[in-house]
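Going down the list, the protein sequences come from chains A and B.
Just so you know, our numbering puts the end of the first sequence at 245, numbered straight through with nothing missing.
Just so you know, our numbering puts the end of the second sequence at 312, numbered straight through with nothing missing.
Everything labelled a hint here was simulated from the structure, so no lab data went into it.
Just so you know, these numbers come straight off a predicted model, no measurement behind them.
One thing to keep in mind: the hints can contain errors.
SDA-like, lysine to any residue: derived pairs with alpha carbons at most 20 Å apart [claimed, not checked]: (1) Lys65/B with Glu198/B; (2) Lys65/B with Glu164/A; (3) Lys267/B with Ala55/A; (4) Lys65/B with Ala55/A.
Not everything, but these chain B residues come out facing chain A in the computed CB check (under 7 Å) [as the list claims (entries may be wrong)]: (5) Thr30; (6) Thr38; (7) Ala41; (8) Leu51; (9) Leu132; (10) Ser135; (11) Ala146; (12) Cys171; (13) Phe200; (14) Ser202; (15) Leu203; (16) Val208; (17) Trp209; (18) Glu257; (19) Asn298; (20) Gln304.
Yeah, the Cβ is synthetic: ideal placement off N, Cα and C, and Gly gets one too.
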Amino acid sequence: MTRAELLDALFPAGHATRVEADGILVGTATYGQNETVAVLGLVEQTPLGVEGALALAEHVLEIIRHSPGRPIVVLIDAQSQRMRRRDELLGLNEYLAHLTKCFLLASQRGHRTLGIIFGRIAAGAFIATGLALDQLVAVPGGDPMVMDLPSIARVTKLPLDRLETLAKDTPVFAPGLAHALPIGAVQEVWENPVELSAKLAAALQEPRPTRDERAALGLARGGRLHAAEIARRVEQEAVAAAAHD
Amino acid sequence: MKNALVPSRTGSWYEATARERISGLLDAGTFHEFLGPTARAVSPHLALFDLPEAFDDGIIVGRGKLQGRAVLVAAQEGRFMGGTFGEVHGAKLVGLLRYARDHHAEATSPRAVLLLLDTGGVRLQEANVGELAVSEIIRALVEARAAGVAVIALVGGRAGAFGGGGILAACCSRVVISEQGRTSVSGPEVIETNMGAEEFDSLDRPLVWRTTGGKTRRLLGGAGAYAADRIESFRAAALALLDGGIPAFDLATLAREQARLAERLEKFGACQDAPEIWQRMRLADAARIADLADEDFNQIAQAQPEANHDAR
Chain A
1 MTRAELLDAL FPAGHATRVE ADGILVGTAT YGQNETVAVL GLVEQTPLGV EGALALAEHV
61 LEIIRHSPGR PIVVLIDAQS QRMRRRDELL GLNEYLAHLT KCFLLASQRG HRTLGIIFGR
121 IAAGAFIATG LALDQLVAVP GGDPMVMDLP SIARVTKLPL DRLETLAKDT PVFAPGLAHA
181 LPIGAVQEVW ENPVELSAKL AAALQEPRPT RDERAALGLA RGGRLHAAEI ARRVEQEAVA
241 AAAHD
Chain B
1 MKNALVPSRT GSWYEATARE RISGLLDAGT FHEFLGPTAR AVSPHLALFD LPEAFDDGII
61 VGRGKLQGRA VLVAAQEGRF MGGTFGEVHG AKLVGLLRYA RDHHAEATSP RAVLLLLDTG
121 GVRLQEANVG ELAVSEIIRA LVEARAAGVA VIALVGGRAG AFGGGGILAA CCSRVVISEQ
181 GRTSVSGPEV IETNMGAEEF DSLDRPLVWR TTGGKTRRLL GGAGAYAADR IESFRAAALA
241 LLDGGIPAFD LATLAREQAR LAERLEKFGA CQDAPEIWQR MRLADAARIA DLADEDFNQI
301 AQAQPEANHD AR
């Protein structure tokens with residue numbers, strides 16, 4: 001699905017967006033009962049470097065300042081973080097962290113934040129965009145990952161065909177939407193273009209999640225069986241220890 | 001359970017194990033571990049890859065005291081799987097931060113969390129659940145900060161703070177780093193593999209250090225405090241930061257961080273190597289930053305405007 005097709009399907013009542021430098025999408029659109037949503041994005045298969053992260057963060061802060069409470073929909077068709085020595089020299093980790101924090105601040109101040117993956121997103125760029133949002137869905141063609149399988153094979157020194165076999169039994173390491181769903185990283189796939197605008201309006205009407213529910217989702221789907229329980233046991237032991245302190 | 005921690009033999013943060021760092025960092029005999037090794041919370045995924053497990057999955061979490069004040073602590077063990085975030089490893093830190101977020105207001109509750117980061121990033125054998133754990137950690141960390149909890153990252157271990165660990169460090173209220181504390185998102189080897197040795201020659205050690213190392217991070221403002229490679233030096237730096245005021249997590253702080261990072265790009269965005277940055281900063285010892293002793297370096301860093309700010 002192209003960006004234009006996606007925008008038309010999501011917002012049949014109208015949208016006005018532009019793509020700025022570094023693949024940053026920005027604009028507004030109309031949804032539901034003639035309500036306005038802020039549209040942001042990282043598109044055109046662009047890797048996320050220091051300039052892009054800073055520009056996107058500025059847009060998020062602008063929305064918080066000037067459009068309190070307006071829902072933010074983030075469209076994603078990107079790459080990983082930009083792999084340049086110069087970006088790392090300048091502190092790319094701080095730029096990605098800043099963007100992550102801006103999205104989380106928007107949530108804390110009552111903005112709905114909803115991501116739609118319609119292409120690739122990977123590694124640190126995924127942490128700073130899609131995974132920093134309250135809700136994350138994909139449309140067909142969405143392809144989230146940490147690292148591609150040949151690279152994982154190189155780093156882990158395991159043969160590619162063995163990894164491919166292992167990936168059939170567990171969703172915990174291999175790339176792609178088929179593995180992001182069962183672990184709870186991506187909540188839903190919106191398959192049918194005709195239903196996109198209704199799905200979006202319905203998702204934005206739901207009460208804003210006040211707690212991170214991804215571990216519970218991964219447990220319910222059978223793809224991430226331990227995370228929720230381990231976190232709960234640590235909290236429990238911390239409470240017990242405080243009582244004895 | 002109370003743990004009998006073994007003190008470090010050398011006192012070097014870099015050389016110490018995670019347990020030795022906790023032992024030297026906290027007041028003696030005050031550490032209480034949660035979900036310790038006897039609980040055997042091991043990774044359920046490593047056996048698939050014929051890899052050995054660790055009874056703490058490479059991270060120790062608990063509470064203790066720092067100069068009499070209650071603190072929560074998490075320490076990654078860089079010698080086990082590179083200190084990487086797997087499902088269990090990450091969930092232990094999520095649990096600790098959620099406890100900090102939800103219980104900070106009680107009389108005896110810790111209002112500070114010390115994160116002893118020592119990590120190559122996401123554990124690739126558990127890449128998807130490890131990455132999701134990093135995202136959950138960041139969310140819990142930011143929620144704890146918004147509730148008024150101080151979160152301090154301490155970076156100076158063998159594995160540095162790479163990948164998601166580098167992003168996590170920059171989400172903390174404050175960062176302490178030593179010269180050995182390398183931080184970046186993509187590691188030099190990853191950049192070389194993807195982009196070629198002409199982009200980043202990972203075997204050029206001086207280049208790697210001046211690109212990702214603690215001195216560079218401190219001068220640019222990526223870390224608010226610089227420690228010598230001694231456990232007591234990290235302890236002193238953490239105490240000084242906790243006493244010196246902690247930035248709130250709010251719109252004002254993030255607006256200042258936006259301005260700070262924009263200014264960095266404006267001033268140094270055209271620089272390709274660290275010495276060009278030092279020259280533009282007009283540092284007196286621009287040519288020999290790498291050679292400066294810790295005390296001399298610290299003086300320069302403390303006088304450098306870009307290195308000192310309240311916006312994180």
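Evaluation of the provided hints:
1. Lys65/B with Glu198/B: 48 Å, violated
2. Lys65/B with Glu164/A: 47 Å, violated
3. Lys267/B with Ala55/A: Holds, at roughly 16 Å.
4. Lys65/B with Ala55/A: 41 Å, violated
5. Thr30: 9 Å, violated
6. Thr38: Cβ of Thr38/B sits 12 Å from chain A, so the hint is violated.
7. Ala41: 6 Å, holds
8. Leu51: Violated: closest Cβ of chain A sits about 9 Å from Leu51/B, beyond 7 Å.
9. Leu132: Holds. Min distance 5 Å.
10. Ser135: With a minimum Cβ separation of about 4 Å from chain A (threshold 7 Å), the hint on Ser135/B holds.
11. Ala146: 6 Å, holds
12. Cys171: It holds, given that the least Cβ distance between Cys171/B and chain A is near 5 Å, below 7 Å.
13. Phe200: 4 Å, holds
14. Ser202: 10 Å, violated
15. Leu203: 14 Å, violated
16. Val208: Violated, because the Cβ-Cβ distance from Val208/B to chain A comes to roughly 10 Å (cut-off 7 Å).
17. Trp209: 12 Å, violated
18. Glu257: This hint holds: Glu257/B lies near chain A, its Cβ roughly 5 Å from the closest one there, short of 7 Å.
19. Asn298: 20 Å, violated
20. Gln304: 15 Å, violated
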